[in-house]
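Start from the sequences and build out the full structure, keeping to the hints where you can.
The residues making up each chain are set out below.
Protein chains: 8
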Amino acid sequence: SRCGMPEVVLAEGKDTDSLVKIMHSYVLASGRCVASRITSDQVKAVCQKLPDGITAEIREPGGILILSDGTKPIPSGGTVGIMTAGTSDIRVAEEARSIAEEMGARVITSFDVGVAGIHRLIPALEKLREADVYVVCAGREGTLPSVVAGLVDKPVIGVPVSTGYGYMGQGAAALASMLQSCAVITVVNIDAGFTAGAFAARIAALIGEKK
Amino acid sequence: SRCGMPEVVLAEGKDTDSLVKIMHSYVLASGRCVASRITSDQVKAVCQKLPDGITAEIREPGGILILSDGTKPIPSGGTVGIMTAGTSDIRVAEEARSIAEEMGARVITSFDVGVAGIHRLIPALEKLREADVYVVCAGREGTLPSVVAGLVDKPVIGVPVSTGYGYMGQGAAALASMLQSCAVITVVNIDAGFTAGAFAARIAALIGEKK
Amino acid sequence: SRCGMPEVVLAEGKDTDSLVKIMHSYVLASGRCVASRITSDQVKAVCQKLPDGITAEIREPGGILILSDGTKPIPSGGTVGIMTAGTSDIRVAEEARSIAEEMGARVITSFDVGVAGIHRLIPALEKLREADVYVVCAGREGTLPSVVAGLVDKPVIGVPVSTGYGYMGQGAAALASMLQSCAVITVVNIDAGFTAGAFAARIAALIGEKK
Amino acid sequence: SRCGMPEVVLAEGKDTDSLVKIMHSYVLASGRCVASRITSDQVKAVCQKLPDGITAEIREPGGILILSDGTKPIPSGGTVGIMTAGTSDIRVAEEARSIAEEMGARVITSFDVGVAGIHRLIPALEKLREADVYVVCAGREGTLPSVVAGLVDKPVIGVPVSTGYGYMGQGAAALASMLQSCAVITVVNIDAGFTAGAFAARIAALIGEKK
Amino acid sequence: SRCGMPEVVLAEGKDTDSLVKIMHSYVLASGRCVASRITSDQVKAVCQKLPDGITAEIREPGGILILSDGTKPIPSGGTVGIMTAGTSDIRVAEEARSIAEEMGARVITSFDVGVAGIHRLIPALEKLREADVYVVCAGREGTLPSVVAGLVDKPVIGVPVSTGYGYMGQGAAALASMLQSCAVITVVNIDAGFTAGAFAARIAALIGEKK
Amino acid sequence: SRCGMPEVVLAEGKDTDSLVKIMHSYVLASGRCVASRITSDQVKAVCQKLPDGITAEIREPGGILILSDGTKPIPSGGTVGIMTAGTSDIRVAEEARSIAEEMGARVITSFDVGVAGIHRLIPALEKLREADVYVVCAGREGTLPSVVAGLVDKPVIGVPVSTGYGYMGQGAAALASMLQSCAVITVVNIDAGFTAGAFAARIAALIGEKK
Amino acid sequence: SRCGMPEVVLAEGKDTDSLVKIMHSYVLASGRCVASRITSDQVKAVCQKLPDGITAEIREPGGILILSDGTKPIPSGGTVGIMTAGTSDIRVAEEARSIAEEMGARVITSFDVGVAGIHRLIPALEKLREADVYVVCAGREGTLPSVVAGLVDKPVIGVPVSTGYGYMGQGAAALASMLQSCAVITVVNIDAGFTAGAFAARIAALIGEKK
Amino acid sequence: SRCGMPEVVLAEGKDTDSLVKIMHSYVLASGRCVASRITSDQVKAVCQKLPDGITAEIREPGGILILSDGTKPIPSGGTVGIMTAGTSDIRVAEEARSIAEEMGARVITSFDVGVAGIHRLIPALEKLREADVYVVCAGREGTLPSVVAGLVDKPVIGVPVSTGYGYMGQGAAALASMLQSCAVITVVNIDAGFTAGAFAARIAALIGEKK
Ligand SMILES: Nc1ncnc2c1ncn2[C@@H]1O[C@H](COP(=O)(O)O)[C@@H](O)[C@H]1O
Ligand SMILES: Nc1ncnc2c1ncn2[C@@H]1O[C@H](COP(=O)(O)O)[C@@H](O)[C@H]1O
Ligand SMILES: Nc1ncnc2c1ncn2[C@@H]1O[C@H](COP(=O)(O)O)[C@@H](O)[C@H]1O
Ligand SMILES: Nc1ncnc2c1ncn2[C@@H]1O[C@H](COP(=O)(O)O)[C@@H](O)[C@H]1O
Ligand SMILES: [Mg+2]
Ligand SMILES: [Mg+2]
Ligand SMILES: [Mg+2]
Ligand SMILES: [Mg+2]
Ligand SMILES: [Mg+2]
Ligand SMILES: [Mg+2]
Ligand SMILES: [Mg+2]
Ligand SMILES: [Mg+2]
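Chains as they are written, first to last, in this note's numbering: chain A, 6 to 216; chain B, 6 to 216; chain C, 6 to 216; chain D, 6 to 216; chain E, 6 to 216; chain F, 6 to 216; chain G, 6 to 216; chain H, 6 to 216.
You may find that some hints are simply not true.
Claimed, not checked - Pair ranges (Cβ atoms, derived):
#1 C:23 - B:63: 37 to 45 Å
#2 C:125 - E:76: 20 to 28 Å
#3 C:21 - A:50: 21 to 29 Å
#4 E:132 - G:17: 27 to 35 Å
#5 E:125 - G:17: 21 to 29 Å
#6 E:76 - C:124: 22 to 30 Å
#7 B:63 - C:128: 42 to 50 Å
Stated by the list, open to error - Computed cross-link-like contacts, DMTMM-like style, restricted to lysine to aspartate or glutamate with a CA-CA straight-line distance of at most 25 Å:
#8 C:77 - C:65
#9 C:19 - A:46
#10 D:19 - H:135
No wet-lab data here; the hints were simulated from the structure. Idealized CB from N, CA, C, for every residue including glycine.
Laid out in structure tokens, this is it:
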């Protein structure tokens, strides 16, 4: 781990043999190993002959595979609130959740909040009231993080999600509008749930430590 | 006039001599002539020796110059509501207003509504309650038209305004987010107050006609 | 429904299970449910065990699936005219038609008008003479909406369609030229038949109301 | 001259001293020398002490300066027709005209044809009836070359002109729509009147030769 | 045919049923019908039950299918020279050839000339010596048309081809460098062999007519 | 103030009259008012007739003007560390510092750290050891935030700065590389010192509160 | 061979028949023939009936196929050091290695060096100590070449690799940051291992010659 | 100096006071100090009160200012050949020359070679025959480095120069075509004469050392 960051393996684009080797050696060395964006073929390969005493957990959507020897992440005392505008954003939110939990954060979520009306947003925010920091995932025009930042007094991190067709689709407009936002938010790259989750967990831990 | 659209001369980039000639001959032929984005030097040139019986009116911001022989636009019976998110958007809104009024629309406005909170938006919308159609001008992330479209049941036209610095600044993010918007809005080019105002006036007239 | 807009489900990219659940519950709650960009596999899944008393209608191209319990949209009294430049644009036009009809508009169409000559355009426009508002779909250089706007005195909404190869293909040049157009048109995103249809239906209803 | 192409000096961006030296030595060597996009300061410098027997002619707009010792271009027998959509396009058209004339073409022009209606286009085309090849300059959405190509049976070269504001302004949309055009046209870069004029003159000469 | 241009059907993206119908009715009406970018499945469908007396000819690469009742194009007397830099450019060159031949041009070709050395270019040009006009297809950095234009005194049309990986690959750099070229060439869109071939054939016919 | 965020007025692009009015009324209402990117002419106008009891402080570079009636920001207990790669980045860092201080943060800085070697970075980090959160400003290739994030265990916010010429200059490459970074950082728009400073101050306050 | 550069055939996109013909005739003519980016189907076709006395060697990843009649490259005496940031970059590095070896260079490599810490970089550089020139392959933000250039006193060539998702992914950010780098490096296109390897081998040979 | 690279100060964008301070202290510390892209105002400020014993040399174009106490660069024994396509490229070439000379290279140049014909290139190359490495500067379509690389057997570095108007002007097409080039060249950013010169000088020194 570099700088206290647990290794999360980006399975996407890795050849299967290397992936199996990396994950097995990680879990044996450190007790846990998480992969994201893993395909079902890759999962099969990794799980076919798991090292002794290692169990596997799969999370959908997001393609998360967690290997462990029973070791659990050490709770940091901090809480990360994760929200999504739509259902297509959930796979990215799950990526954020996985790394945040690996880093010891308690994660609370509110998915598919919509952007259409304040009536669905208010109860969603209420549900996340205990969050020390927010990760807000949104595609198309990517408005939700800005709206949330106007309503809470904790840091809000925007995650543009690769939805939307046509001009500036696939998360491009969402990234642009988050970067141009009048609200005080910071941003990660399109679909970068991993980075947002890790960044949020780091903040949550710093606040949690103090509680 | 083409298709019942009064001529509005885009002064920007025209050489002064042509502009003077064009405006003077228009106003003599049709009783009124409007120019937008006109510089003070151009205004001086046009107004220096106005044809007999022609008077000039200037509107700031927006650089609108209106020549007339006393003729007034014939009221269409329709009402256009124009809103801006900030003060930098007003010059574009004024362009929309000028053409809409030329086309006989009553124009009601609510400028500098902000995007920060619903508390300033609700009275602004209240003020525009009688509008048959809305023109909403916004820069940076360009959220306002989408928000308005979620709150009214009349057509909403978004006008991205060339404000905002950095990546996708100068109206680019606003255009992108309006085109990607989940709300039902149509869009014109960045700073195209003229087109939005004329389109809105046309709709307002069709509804006004019927009242 | 938000702001009197019937729900149209964008099937594209939704996982089948969620889609079936969403559509079935919508139709039971509101009498009708429309999906666009639905694949044949998704249609199969949705229609396999339709709730009692629900019938399904499919429209090609455009991938429209309409579930209903016999309820019909309430006629708004307005008429939307939809035109396409080519045959590839029809799937987008059908998306516009579906939402407009759901919103109570009468829809009249004239497809594959071409851009090559006025001789095919004039009878096409004649056929749409009763329209209160026009939706004009065009790909490649996207000229048709501007030409139509020069010939009719009703509002014209341009829909760029993702055809054309090479530089600025896939609707990009069409979007650009509609935004730069000298004609008074407003624009929606590439392939956004849904937004154009809904916007047009809203205008048509306002005019129809008055008749 | 390379490949029978007379030298036209692009004055834009050249330092004055080099420009004077280049133009004076060209005109002495070959009897004529043309510069385009020349500023009034540059003109002053070039003309201040003209070599003996050399006279200067200036053409506006376009910033054309022609030095000559009385030598005239040898008529090629071909005719180039140059058309512009607006008045802002004329400076580019003049650049095309200058090089075409240097290459011996007869040039006939029809400027500010508009795009709004066929009624202004038809007489404009009539005026250019004798052209062997057309150069059509247009900004904003750049439709005119495609329209012309649909009405004549001679080759049409499109020249996008750097007008228009907002997204894809400054000739970008015009270039895109000409490249995506369904009509059979070829294109030069934005504002490249020189290239279009030279290309057209070459074609005209080949046809003229034969007459 | 519009403006004396024979119809060439772009098969790409067309659904098979429409394509069959279009091609069969064209060939019956006009004696010949050409399709480009046709897949082998589409060819099978079109040829399965050809109308009586109609024969089919296929050309690879380029996906050209020619139906005819024995009618031949009427020779225009002009000659088009087509050149390619590499072998990947040939499919685009074949598209140019097909339309040029349909329009009555004699077509002479020199493929895979390379860009590496003058020693392969000189004999290639020699082979095309009789051309009235050149179509030069090149991908990657797209230099070849500029080089050819420096060596011949006939018009040269550049066709960027969608080869090359990485930044500005897929013909984008080729298009850019042709538009920025110091040589006198005009350009068509990436892979637009059809437009280049038709434009060249038109020029060749005008010169041929005169011979 | 929205969400506990003090108002910082972006002077850039505002007309002088509005700016004076806004700043004077803010400072009277809330005791302090900060403007950034203010020109010397604007400063003159604002300070010419300051309201009674109001004093002005100017900070260069960054164009910060602070009006106050003696009121000081309430210390939050948190510390923000601000670092820049070069000297050109300082104006953006000063913008971050101003807002952070307004929000009660203690700000410690280390400017012009360079990217060339670890030997200058280590003492710079040492100097910022007490920071609860880092704001790192860098132009050109924008590497510094990623390097810092690899060396500290506090949250790091990257601010791309509009330096660098050529392709992806003016901060574009810096933004891109921060978004693509393997390090766990979040990002704001190019030159958005304000947003980064406010976001950091919010985090610092949450940690400070707990100490 | 042009300019002493051995032919390496880019198999990607070539049709199988041409590829077989090209490779077989090359190897017979010159003793060796290398192809890069070759698929397993293409390998099968090429190797099915190898000319007499020709043997084939395959290298993965990178899709390198080497045919030879036993001839070996003549050692140039120079050494090329090739480094990669991650494992995904190795296929590009292998392409660089193959051409460099064909050109007679000794190649030493250090793959998957990471960017996270100096502790992995120092031994990697130590391993490449004998290199006369470096080729450094990196994706995502592409920092590694700049870092290496700050630590060695030999020329460093950066190769952006098409990894990374989201905005400026697929090597775009890496290319941008290498071009904007404050370090003294030169750059090749994304994934252009071939060009980097050949360029490095040329330099190495010039230095090697002298030793 | 880092890694044996002498400091060259990029004056562009630096405030005058800092620049004077930096240059004076550099020259006193190391005997020489070079600035590039310096304005005449900046030159005046730096030279107004030069430290005792320091002399200044100015080179135009390129805005190079060299301060020295008489110290000369130590000859490396290597030779750098610098070539430009046009006269506008010379300022960038001069930047390359200055840094190369500071690093001890002998620099030989051949400016304004043109791209139009081999007849001007051959003698230009002849003049540079002794170069160990080439820096080739070219704007617009940027062909020259590729052509040179086809004719010499030494390494060639391409420098795109910010000339050319319209689409992909200002060096963008030149950068693109150099990156897409089939020739074996490496590239630096647009106008980055400094980087190219330093890279070339490093190679030249390595070869020179051996001679
Ligand atoms: N979904 C993800 N997105 C971005 N980075 C990731 C993701 N998953 C893992 N990573 C990080 O990417 C870096 C390279 O991953 P690897 O290629 O697995 O060594 C490591 O620092 C991982 O922690
Ligand atoms: N083809 C479409 N294009 C754009 N929006 C659509 C389309 N079909 C449905 N929608 C709208 O997209 C929004 C989100 O859809 P859903 O993800 O189905 O909840 C709803 O407001 C739908 O009415
Ligand atoms: N992987 C590669 N990347 C770039 N160029 C290559 C590659 N492999 C071969 N080449 C060169 O590409 C040019 C065209 O290749 P070909 O199409 O095989 O004639 C030749 O000069 C080859 O040497
Ligand atoms: N014209 C130039 N282009 C690119 N880099 C330069 C130029 N001139 C100086 N540099 C380098 O830019 C870096 C930052 O320069 P400075 O801002 O002066 O510290 C130093 O490494 C200089 O050597
Ligand atoms: Mg959203
Ligand atoms: Mg806004
Ligand atoms: Mg069209
Ligand atoms: Mg036009
Ligand atoms: Mg090429
Ligand atoms: Mg930096
Ligand atoms: Mg990297
Ligand atoms: Mg050049």
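Checked hints:
1. C:23 - B:63: 37 to 45 Å: Taking Cβ atoms as reference, residue 23 of chain C and residue 63 of chain B lie about 58 Å apart, which means the hint is violated.
2. C:125 - E:76: 20 to 28 Å: Taking Cβ atoms as reference, residue 125 of chain C and residue 76 of chain E lie about 25 Å apart, which means the hint holds.
3. C:21 - A:50: 21 to 29 Å: The hinted range 21 to 29 Å holds for residue 21 of chain C and residue 50 of chain A, with Cβ atoms some 26 Å apart.
4. E:132 - G:17: 27 to 35 Å: 29 Å, holds
5. E:125 - G:17: 21 to 29 Å: 23 Å, holds
6. E:76 - C:124: 22 to 30 Å: Cβ of residue 76 of chain E to Cβ of residue 124 of chain C: about 25 Å, so the range 22 to 30 Å holds.
7. B:63 - C:128: 42 to 50 Å: Holds - the Cβ-Cβ distance for residue 63 of chain B and residue 128 of chain C, about 47 Å, lies within 42 to 50 Å.
8. C:77 - C:65: Holds - the C-alpha atoms of residue 65 of chain C and residue 77 of chain C are around 20 Å apart, at most 25 Å.
9. C:19 - A:46: 22 Å, holds
10. D:19 - H:135: Violated, because 31 Å separates the two Cα atoms, which is more than 25 Å.
Figure legend: structure checked against the earlier numbered hints; hints not met, in rising order: 1, 10.
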